[in-house]
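Enquirer: Respectively, the protein sequence lines represent chains A and B. For the first sequence, my numbering assigns the number 1 to the initial residue and increments by one for each residue that follows. For the second sequence, my numbering assigns the number 1 to the initial residue and increments by one for each residue that follows.
Calculated directly from the structure, the hints in this document are not laboratory data. Some hints here could point you the wrong way.
Note that identical chains are pooled: a pair holds if it fits in a single copy or bridges any two copies.
Using 25 Å as the maximum straight-line C-alpha spacing, the simulated DSS-like pairs for lysine-lysine come out as follows [said to hold, decoys possible]: (1) K139 to K2; (2) K47 to K17; (3) K146 to K2; (4) K139 to K17; (5) K68 to K146; (6) K146 to K47.
2 protein chains.
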Amino acid sequence: MKEITYQPIGIIHSPFKTPENVPIQHTGAKGAVGTIEILPEYNEGLKDLEGFSHIMLLFHMHQVEYHKLKVIPFLDTVERGIFSSRAPVRPNPIGLTVVKLIKIEGNIITVENIDMTDGTPLLDIKPCLPMIDDLQDIKLGWLTGKIEQFGVTRSDSRFNKTSK
Amino acid sequence: MKEITYQPIGIIHSPFKTPENVPIQHTGAKGAVGTIEILPEYNEGLKDLEGFSHIMLLFHMHQVEYHKLKVIPFLDTVERGIFSSRAPVRPNPIGLTVVKLIKIEGNIITVENIDMTDGTPLLDIKPCLPMIDDLQDIKLGWLTGKIEQFGVTRSDSRFNKTSK
Numbered sequence: 001m002k003e004i005t006y007q008p009i010g011i012i013h014s015p016f017k018t019p020e021n022v023p024i025q026h027t028g029a030k031g032a033v034g035t036i037e038i039l040p041e042y043n044e045g046l047k048d049l050e051g052f053s054h055i056m057l058l059f060h061m062h063q064v065e066y067h068k069l070k071v072i073p074f075l076d077t078v079e080r081g082i083f084s085s086r087a088p089v090r091p092n093p094i095g096l097t098v099v100k101l102i103k104i105e106g107n108i109i110t111v112e113n114i115d116m117t118d119g120t121p122l123l124d125i126k127p128c129l130p131m132i133d134d135l136q137d138i139k140l141g142w143l144t145g146k147i148e149q150f151g152v153t154r155s156d157s158r159f160n161k162t163s164k
Numbered sequence: 001m002k003e004i005t006y007q008p009i010g011i012i013h014s015p016f017k018t019p020e021n022v023p024i025q026h027t028g029a030k031g032a033v034g035t036i037e038i039l040p041e042y043n044e045g046l047k048d049l050e051g052f053s054h055i056m057l058l059f060h061m062h063q064v065e066y067h068k069l070k071v072i073p074f075l076d077t078v079e080r081g082i083f084s085s086r087a088p089v090r091p092n093p094i095g096l097t098v099v100k101l102i103k104i105e106g107n108i109i110t111v112e113n114i115d116m117t118d119g120t121p122l123l124d125i126k127p128c129l130p131m132i133d134d135l136q137d138i139k140l141g142w143l144t145g146k147i148e149q150f151g152v153t154r155s156d157s158r159f160n161k162t163s164k
């Protein structure tokens, strides 16, 4: 199949300078404030965004240098398939996070609950809508009973290049 | 900023052959069954996925041939900024959908509530986790009061090449 090419639409400025000790999900990133700098040529696309309380960021995890199909995720001690985890060392390292929208000034968006490293290239912004009608129906597989730990677990160096 | 390149990990087979008359969100795609064919070299990454009831698909909207920064979305009659909408003609046409997982047999995943066209290249699969702790908090901007229409609204030809 054909290779797919994207151009970043902006850059994410975050308090987290290295891939260690980063919140592993936005639900564990309460209060971490960052800014998103949209490239001026895309600025017009931000119209109407300020009415939304939460926005989804799709970004390129630029510090990922390899991929693995089985990983020991931050929340587990056994190997899991990469597609059943949110681990960064994915074949296509696209990150997805929901952040709280604080304000938009020109091409700068201030957001809360940020969980990516500083300098991350941004691919897309989407308004955050309810994803599942009936949350009672949801089954979380191996993550059952573990997602509460998002609030206290931080990343470590396990997915760095040297720990491949 | 540097261009970003991805390789599809699979292909989505869907009952929707053209970009017209497709459900505009998975919440409006109840019951539409499709299959995802994972390239054999990524098959091992599917381990443990079958425990999840819902999975997120990130895909390349391959039929999008241009982008616009302001669009009249399917659910509206006035122009909105592209990043405040889910319209396909985005600078980076990455689609995101939550589907219900029916079964996994080898490298074939059968899913329900599919809302993309046949032959769509798949970029990533992530387990679907609750995205926002407190849904009471969510503000939906111009989509307030409109998302119920996902169930009855279908796409039309407005984002086809000829209607640019």
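Enquirer: If a hint holds in the structure, say so; if it doesn't, say that too.
Expert: Cross-check of the supplied hints:
In this assembly of identical chains, K139 and K2 lie within 25 Å of each other by CA distance neither inside one copy nor across copies; the values are 34 Å within and 38 Å between. In the homo-oligomer, the alpha carbons of K47 and K17 never lie at most 25 Å apart, since the shortest distance is 30 Å inside one protomer and 32 Å across protomers. Within a single copy, K146 and K2 get their C-alpha atoms no closer than 37 Å, and across copies no closer than 36 Å, so neither meets the 25 Å cut-off. In this homomeric assembly, K139 and K17 never come within 25 Å of each other (Cα to Cα): the closest approach is 34 Å inside a single copy and 31 Å across copies.
When the C-alpha separation of K68 and K146 is checked against a cutoff of 25 Å, the pair qualifies only within one copy, where the shortest distance is 22 Å, while the shortest distance between copies is 41 Å. Taking the closest pair of Cα atoms, K146 and K47 come within 25 Å of each other only across two copies (18 Å); inside a single copy the shortest separation is 38 Å, beyond that limit.
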